[in-house]
Amino acid sequence: GDNGAAPQVVGVLPPAAVYQAAANAGAAKAAMPFGKTVLLGVVAGAYVGLCAALLMTVGPNCPGIGQSNPGLAKYITAAIGFPFVLLMILVCGAELFTGNTAMLPAAVYKNWVGSYLGNALGCALGCFLLLNSGLMPQFSNAINAISVTKISYSFKETFIKAVMANWFVVLAVWQATAAQTMGGMFIACLSGISAFVAIGLEHCIANMVFVPLGVITDVPGVTWSAFFLNNLLPVTLGNIVARALCMATVYSLAYGSLGKKVWKQ
Amino acid sequence: GDNGAAPQVVGVLPPAAVYQAAANAGAAKAAMPFGKTVLLGVVAGAYVGLCAALLMTVGPNCPGIGQSNPGLAKYITAAIGFPFVLLMILVCGAELFTGNTAMLPAAVYKNWVGSYLGNALGCALGCFLLLNSGLMPQFSNAINAISVTKISYSFKETFIKAVMANWFVVLAVWQATAAQTMGGMFIACLSGISAFVAIGLEHCIANMVFVPLGVITDVPGVTWSAFFLNNLLPVTLGNIVARALCMATVYSLAYGSLGKKVWKQ
Amino acid sequence: GDNGAAPQVVGVLPPAAVYQAAANAGAAKAAMPFGKTVLLGVVAGAYVGLCAALLMTVGPNCPGIGQSNPGLAKYITAAIGFPFVLLMILVCGAELFTGNTAMLPAAVYKNWVGSYLGNALGCALGCFLLLNSGLMPQFSNAINAISVTKISYSFKETFIKAVMANWFVVLAVWQATAAQTMGGMFIACLSGISAFVAIGLEHCIANMVFVPLGVITDVPGVTWSAFFLNNLLPVTLGNIVARALCMATVYSLAYGSLGKKVWKQ
Amino acid sequence: GDNGAAPQVVGVLPPAAVYQAAANAGAAKAAMPFGKTVLLGVVAGAYVGLCAALLMTVGPNCPGIGQSNPGLAKYITAAIGFPFVLLMILVCGAELFTGNTAMLPAAVYKNWVGSYLGNALGCALGCFLLLNSGLMPQFSNAINAISVTKISYSFKETFIKAVMANWFVVLAVWQATAAQTMGGMFIACLSGISAFVAIGLEHCIANMVFVPLGVITDVPGVTWSAFFLNNLLPVTLGNIVARALCMATVYSLAYGSLGKKVWKQ
Amino acid sequence: GDNGAAPQVVGVLPPAAVYQAAANAGAAKAAMPFGKTVLLGVVAGAYVGLCAALLMTVGPNCPGIGQSNPGLAKYITAAIGFPFVLLMILVCGAELFTGNTAMLPAAVYKNWVGSYLGNALGCALGCFLLLNSGLMPQFSNAINAISVTKISYSFKETFIKAVMANWFVVLAVWQATAAQTMGGMFIACLSGISAFVAIGLEHCIANMVFVPLGVITDVPGVTWSAFFLNNLLPVTLGNIVARALCMATVYSLAYGSLGKKVWKQ
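Residue numbers (the working numbering), protein chains in the order written: chain A, 192 to 456; chain B, 192 to 456; chain C, 192 to 456; chain D, 192 to 456; chain E, 192 to 456.
Since the hints were made in silico from the structure, they are not lab data.
Certain hints may be false.
When chains are identical, the list treats them as one kind, so a pair holds in a single copy or across two.
[Claimed, not checked] DSSO-like mimics (lysine-lysine), calculated; alpha carbons at most 30 Å apart, straight line:
1) K301 <-> K227
2) K227 <-> K452
3) K451 <-> K227
4) K452 <-> K301
5) K451 <-> K301
6) K301 <-> K347
Build out the structure end to end from the sequences listed, making use of the hints.
Here is the structure:
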């Protein structure tokens with residue numbers, strides 16, 4: 192479109208402005224009342240539960256594709272369901288523990304505790320709805336496969352998968368911050384979320400739906416203690432490392448206050 | 192696009208502004224003349240009928256996919272047909288009972304009654320067109336399967352499926368309110384509508400097309416009383432709960448007048 | 192994108208403005224010289240012919256999909272070919288008989304006659320190109336199936352299918368008017384056009400390509416008189432009813448001059 | 192998005208402005224130094240060669256789809272590869288002989304000669320790269336099928352296929368001129384380019400890659416003289432007619448200087 | 192959208208402005224502290240490693256598609272995984288050796304060395320994560336096939352494949368620079384990256400993940416010396432030629448300082 196007369200506009204933030212917007216969002220989260228953080232955490236958890244119902248309905252009920260093209264089946268599972276969660280959270284407003292990329296002052300810990308607690312309550316609400324919807328038969332393929340897989344890796348492997356997962360999630364949040372349109376925000380969410388789900392990485396809040404449903408429906412070997420020790424603990428730690436180190440620290444060095452000290456520009 | 196000289200523009204509303212825009216839209220709906228609400232309700236119902244014809248033509252006539260990959264068949268049914276209804280309603284203007292998220296003053300009840308009545312009339316018009324189009328054979332797979340399913344669950348299950356369905360619908364409306372472009376509005380509609388249809392949740396206005404067509408075409412077991420008691424009653428109640436509680440109340444607490452009282456900010 | 196400093200912009204018209212823009216476009220059409228209307232009608236008809244070649248090449252030559260998943264085959268036929276026609280017409284400029292939604296003053300009749308005549312001439316030009324391209328073998332599956340189907344329904348059924356078809360077409364035009372971006376206009380065209388083609392509804396200008404090609408290539412039972420009496424007459428009437436009544440009258444009541452009289456706001 | 196406070200913006204040109212922008216672009220091309228036209232023609236030709244490698248890798252190597260659903264195979268071949276060429280040319284800047292829609296003053300002939308010459312040189316460079324890449328085995332299915340097809344039609348049929356092809360190409364350029372976003376430009380390119388490739392129409396510059404590769408790799412019956420006489424001559428003539436007559440003349444009558452004389456408005 | 196009152200805006204840069212923006216970005220890169228370049232190079236390399244995990248999970252694990260439609264399998268591998276890398280790099284900010292298109296003053300060499308070194312370190316970090324994730328079995332199909340292919344061509348063939356690859360990569364960067372929206376940037380990345388991956392071209396940084404994983408997992412014939420001599424050396428040279436000659440020099444001639452000397456305009 193070469194239209195000299197009409198003004199040029201820019202609809203995406205450049206990298207340094209993305210960092211600054213992410214830092215500002217973190218400050219706003221830190222200043223939020225604890226109760227409101229919990230409330231918006233419940234909302235986010237409920238969205239995870241609702242969209243888990245979509246994820247479990249579509250991809251894991253494609254045995255034809257799964258047999259001959261398991262890679263494609265994984266991507267269908269990854270693309271249809273969870274990318275919408277992050278979009279809903281970012282567009283409508285909600286607090287997702289893994290999406291908060293701010294660094295470590297005291298005020299942020301309050302946000303972490305509130306969002307983690309709220310997310311857990313919201314996931315429990317989501318599980319309650321799914322368990323009472325009469326639709327559990329259509330979720331059983333997914334629950335059986337996913338809940339067992341989640342507790343079957345070593346602590347180290349699970350930790351590393353959690354670091355990788357949340358690196359993708361925070362990259363999605365960062366890109367959605369850059370995008371100034373709904374379409375751009377969706378591409379951002381799709382890119383990061385579909386990647387972590389397809390590869391089979393670990394996200395502590397998503398697991399609060401899949402593994403408890405496995406425990407409650409008596410999937411063999413899936414117990415509360417296996418969930419907490421083999422999965423939730425290493426995953427939560429790995430998710431925190433990714434968001435604090437891989438994104439917040441690195442980009443503060445590149446575009447923020449750490450960088451001003453180090454590069455002396 | 193790092194183009195320092197050109198102005199940055201934002202094409203999506205932030206969460207608090209989405210809440211405010213949704214609240215404003217609710218106030219405008221409450222102030223609308225009753226007859227106009229009914230008229231625009233008829234329009235919305237007719238769009239449901241028209242797009243139901245598309246839904247019934249495509250997805251339910253894919254037996255090959257349905258046998259080997261039922262999850263994918265559900266998503267095709269969900270993605271092709273009904274997401275366009277909500278887009279038409281929001282872009283061209285129409286009143287959908289389940290989309291009005293405003294809370295409970297008297298003026299709103301008038302809108303609820305008018306849109307529910309209009310939607311029912313519009314769905315009847317839609318059914319009339321489909322029944323006289325000569326195309327009923329191509330709709331029969333869908334009518335047989337859907338109308339029976341809709342009356343086969345318990346009151347509690349149907350109620351819960353209706354809560355989940357309209358949570359998704361209102362999330363779609365909310366996101367479409369945030370989106371300031373047609374592309375963004377389509378993504379919003381697709382995300383929420385495809386989710387509720389694929390999972391098999393319950394939407395009272397959509398059911399006003401599928402189940403009556405089952406009654407009229409003598410699908411075994413599908414009767415008017417089964418429709419009203421097993422389906423329309425619990426679904427209408429569940430849809431109302433979702434829009435009033437899950438969205439309007441929660442986001443008023445987060446960004447609106449309820450929040451101002453509770454968090455005292 | 193929460194970027195307080197940058198200005199918010201809106202890239203889609205709200206419903207009342209869409210109505211006003213459609214009314215303005217109708218007034219401009221009515222004022223156009225008759226010869227220019229015919230010329231731009233020829234252009235539109237030629238685009239129908241060109242894109243019919245795409246439609247006939249792709250979808251109807253997918254027998255594998257058609258056997259096991261006829262619903263999907265219909266949607267492929269519907270999505271690849273004709274949505275581009277409407278986009279070309281709206282973006283580059285052309286006069287399509289079925290797309291003019293203005294109501295009934297004398298000046299508008301001139302536009303109707305001019306665009307109908309021009310569309311017929313343009314479709315004849317399109318047929319001439321296809322018949323002399325050496326590509327007729329690849330179009331024969333489509334011509335055989337479509338031309339027979341078009342003349343096989345009763346007058347009433349064909350009329351109703353024409354009402355439904357043009358309701359979708361005008362909904363597409365209306366949404367494209369709301370969209371202020373090319374991407375949005377494409378979604379608008381895709382939503383309405385793919386719906387009417389997939390369901391198998393009736394559009395008088397499109398039929399000016401498919402059925403004449405059936406007559407010329409001696410498809411059994413497809414004659415000029417069958418085309419005019421069984422198809423073109425009821426379809427043209429149904430198309431007119433849809434655009435004049437379903438859209439123009441309804442939205443004038445909701446947002447225009449009729450509404451000002453009726454609701455006295 | 193009903194957001195009264197924020198300003199409405201328009202991101203697509205209306206038809207008359209598209210014509211004017213296309214005319215302005217033609218004037219700028221006419222004023223370009225001859226050597227620069229040749230250079231940018233070489234660039235465009237090289238892009239054709241690069242993207243031909245993509246086209247030949249994907250679609251023609253799908254024998255499974257090609258056997259049961261040849262229509263779909265044609266569309267895959269058409270959608271993956273060449274739409275990107277036009278996007279690269281329009282976005283990054285390059286001169287494509289078939290894309291210049293300006294009418295016939297002397298200055299324009301210079302642009303025609305320069306771009307045709309440059310395109311031929313660029314296609315030769317593209318062929319050189321492909322022939323020396325070690326990847327010829329993966330291109331052989333495409334080269335064998337396409338190069339024979341291109342020389343197998345009569346002069347009249349090839350000429351008509353060339354008129355239709357470039358009508359689509361220029362419609363793509365015209366729509367891309369209207370689009371003021373990258374997404375819109377891609378839709379424009381996809382609509383026109385995928386149509387002409389899927390139908391099997393004729394584009395003189397694209398053929399400068401496919402047929403010479405057939406000659407060089409000794410595809411039976413594919414000779415330089417067959418290329419020049421059976422294909423390049425009628426295709427070049429048909430391409431010129433489409434761009435000069437179907438678009439430039441028609442839209443000058445509708446929105447430009449010819450129209451001012453004819454309609455006396 | 193014909194909406195005369197609202198202002199027209201342009202959301203994509205015209206070619207000459209794209210060149211200028213790319214040149215400005217190159218100057219900014221040249222002025223960056225060396226340590227920061229290495230840091231942002233590590234980030235880019237890590238993104239390559241993360242997205243390689245997605246690429247290896249999906250496409251290469253589709254044996255059903257690969258047998259009957261190898262072209263489609265190649266495109267799935269190409270479209271799902273690496274286009275996201277370039278988007279992450281451009282949107283969040285990172286330094287990719289192959290993406291820097293600036294020409295050859297001394298300051299640029301520093302950027303080249305820093306980004307190449309950083310990319311190598313980041314790829315090593317990526318490999319470390321993949322090797323310790325417990326997910327290596329799902330990557331083995333890809334590693335076995337890709338690492339052997341990469342070392343099996345002659346120096347000349349590999350060099351030419353590297354020229355073609357980076358021509359596509361830089362075309363993607365250039366188009367993303369033109370795009371002023373996230374959606375447009377994604378189309379830019381998808382067009383160039385999917386092309387080079389599907390065709391099987393050579394990108395030195397991507398190969399720093401695939402081939403070392405082949406060496407480490409003892410793929411027969413894949414050795415460090417084969418990697419460095421048969422692949423990394425010719426690929427790095429070819430990548431440099433493409434970015435320096437095919438884009439920077441050509442467009443400086445067309446729109447920049449070289450052009451001002453040559454065409455004397």
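Here is how each hint holds up against the structure:
For the homomeric pair K301 and K227, the shortest alpha-carbon distance inside one copy (11 Å) is at most 30 Å, but the shortest distance between copies (32 Å) is not. Taking CA atoms no more than 30 Å apart as the test, K227 paired with K452 passes between copies only; the shortest distance there is 12 Å, against 35 Å inside one copy. Within a single copy, K451 and K227 get their C-alpha atoms only as close as 34 Å, which misses the 30 Å cut-off; across copies the closest is 11 Å, which meets it. Proximity of K452 to K301 under the C-alpha cut-off of 30 Å is found in both arrangements, the shortest distances being 27 Å within a copy and 22 Å between copies.
Taking the shortest alpha-carbon separations for K451 and K301, both the intra-copy value of 27 Å and the inter-copy value of 21 Å come in at or below 30 Å. In the homo-oligomer, the alpha carbons of K301 and K347 lie at most 30 Å apart inside one protomer (28 Å), although the nearest pairing across protomers, at 38 Å, exceeds that limit.
Figure legend: structure checked against the earlier numbered hints; every hint is met.
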